[in-house]
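Chemist: First residue of the sequence shown: 1, per our numbering; consecutive thereafter.
Do not take every clue at face value.
Here are the simulated lysine to aspartate or glutamate pairs, EDC-like style, with alpha carbons at most 20 Å apart [unchecked claim]:
| # | residue 1 | residue 2 |
| --- | --- | --- |
| 1 | Lys408 | Glu458 |
| 2 | Lys298 | Glu327 |
| 3 | Lys464 | Asp282 |
| 4 | Lys151 | Glu139 |
| 5 | Lys415 | Asp377 |
| 6 | Lys452 | Asp479 |
| 7 | Lys81 | Glu139 |
Hints are computed from structural coordinates only; laboratory data are not their basis. If you're wondering where the values come from, they're calculated on a predicted model, not measured in any experiment.
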Amino acid sequence: MASNRSVRCAQEHVTYTCALCDSPDNVNWYCNDCQEALCDRCKETHTRGKKSRNDDIVAIGKANRQGDKPVPEVCKLHPGKLCDLYCSDCNELLCGMCVSKSHKLHNWKPIEEEFPTKKQQLKRHITTISSKIQHVKNETSKRHRANEAFKQNIDTMRKEVDSQRTKLKAEVDSLVDAALVELSSLEQEESGAHTNFCLQSQEKVVELTRLLEKAEKSYKTNEALFETEKSLYTTLPLYDVYASDNLPKSPNFVTGSIDRVVLTKMVGELFPDIQAAEIDIDIEHVQRLSMFTVTEQKEILSICPVDNNHAWLTMNQYKGLVMVNREGVVTNTVKLGFCPYRTTLIGTTNILLTSYDESSFVYKLTLRNKQVTTFADIRPHKACDISINEMDEVFVGTGTLDIVVLDKSGKALTKLSCEMKAWSIASLSSGDMAVIDVNNVLVIIDSSGKTKFEWTGELDNGQKVDDADLYQVSRDKYDRVFVPDSLHNQVYVLSRDGKQAVCLLDKKYRVTNPLAVGVDTCGHVWIGGANGIVHVMQL
């Protein structure tokens with residue numbers, strides 16, 4: 001309900017007086033230069049004055065008022081009336097006629113009373129808009145930088161690919177020809193199978209059509225009907241048209257690792273199926289693709305997949321790296337002067353390593369010539385685990401509250417101060433990081449080192465894990481976190497919110513004491529145990 005003052009204002013209609021003659025009649029003009037309202041008569045006088053003849057005089061509804069008092073506009077519904085009132089219920093400007101017709105029982109007031117509030121609200125909106133604009137600009141700049149880094153990475157990989165092609169062309173040509181011949185053979189085989197299938201189908205249609213015609217004609221006599229039915233009873237089962245279809249299974253071509261010893265793998269292999277989409281993890285659907293032992297009774301300390309079929313392994317008390325394929329065949333080895341602990345790929349031709357003897361050094365292995373150099377010395381810290389993010393920033397877990405951050409050349413950038421002693425780490429594409437501390441606590445931290453959430457052992461089946469013995473943490477391309485638990489012979493997969501986990505391993509696979517886990521480009525999970533056995537699981 002409007003106030004008494006507002007009612008009076010509406011009834012009396014707020015007017016503006018001429019600045020020159022103080023008349024309230026016909027005040028239809030406004031001088032933007034003098035900031036004054038003018039009636040029709042004084043407007044003519046104002047335009048003839050020596051000092052004011054060139055002033056900017058406009059209709060009062062178009063006035064450019066610079067003060068705090070608003071200049072009412074002409075009502076669009078009632079020409080000749082000014083919108084000098086504000087309806088709080090409808091949040092709109094009114095003239096006196098509007099009030100009397102459709103806003104009589106509403107709460108309204110003179111526009112001057114609401115103007116300061118609206119002006120402050122508008123200022124806040126402007127501040128918010130400016131903030132949003134700046135945020136968008138910052139995000140755009142960030143995206144530009146990421147794009148430049150992405151293109152630089154693409155250029156680097158393009159040069160590496162071109163270099164490999166130059167070095168291997170002579171030997172690759174014959175293997176490529178063989179692969180093309182195999183593809184042509186597959187195509188020819190499918191073409192023949194397709195032709196045979198169509199011919200057989202056509203013959204079945206002809207024969208079945210003949211039987212149909214015979215059956216339709218048998219209605220003429222009882223004898224023919226009974227004989228035909230008896231014949232069809234034994235004949236029709238011979239035409240099994242509902243057998244499983246013979247649709248071809250299209251092969252896939254997957255490039256292999258670049259190594260002289262396994263040149264065939266370097267050119268590529270044909271696989272019947274490669275799963276690219278994200279799969280919901282269900283323990284009942286998880287299958288083991290292979291199980292093998294590289295070296296008897298050598299603990300698998302870390303697994304670093306390089307593609308969909310190969311992974312580098314580090315083993316306890318072994319001075320070197322071993323590359324194996326999914327069947328357990330050793331395809332490459334690198335001898336080292338120390339026992340490596342954790343590894344991560346940097347680019348496509350280099351591996352970063354930490355040492356099992358808790359050294360302060362991070363090493364770089366160039367696969368092209370198998371040369372090892374010092375990538376960084378992070379003393380006084382010890383280099384435990386190592387991980388690299390999407391921006392090629394290298395993170396080193398030290399077993400302390402500090403995580404050392406390096407650039408891709410090994411130069412120290414900063415340190416993340418965590419709330420727990422980081423032992424095993426895995427960078428996530430979101431910019432967060434999965435961290436296991438020395439007390440077997442798993443948390444997700446943000447880019448500043450602050451803990452976002454902690455996994456307290458909750459499983460999706462309602463059970464809870466107590467006294468876990470957690471080891472190398474890893475993640476897949478969907479940022480799902482994989483954590484081996486040696487105490488319970490299990491690998492847990494954390495949901496994106498980090499609150500619940502899914503058990504990956506069924507007891508029937510008898511995976512014991514898992515210490516290391518890695519996820520390849522196909523989404524297959526490689527699990528290494530304390531007994532030296534590696535299991536490759538398909539989700």
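Chemist: Could you run down the list of hints and mark each one as holding or not?
Modeler: Do the hints match the structure? See the list:
Note on Lys408 and Glu458: the hinted pairing is violated, with a Cα-Cα distance of about 37 Å set against a maximum of 20 Å. Using a Cα cut-off of 20 Å, the hinted pair Lys298 and Glu327 holds, with the two alpha carbons roughly 18 Å apart. Among the hinted pairs, Lys464 with Asp282 is consistent with the structure: their alpha-carbon atoms are about 18 Å apart, no more than 20 Å. For a cut-off of 20 Å, the pair hint linking Lys151 to Glu139 stands: about 18 Å separates their Cα positions.
For the given pair, Lys415 sits about 14 Å from Asp377 by alpha-carbon distance, which is consistent with the 20 Å threshold. With a C-alpha separation of about 15 Å, the suggested pair Lys452 and Asp479 falls inside the 20 Å cut-off, and the hint holds. For a cut-off of 20 Å, the pair hint linking Lys81 to Glu139 is broken: about 48 Å separates their Cα positions.
Consistency note: the structure conflicts with the earlier hints numbered 1, 7.
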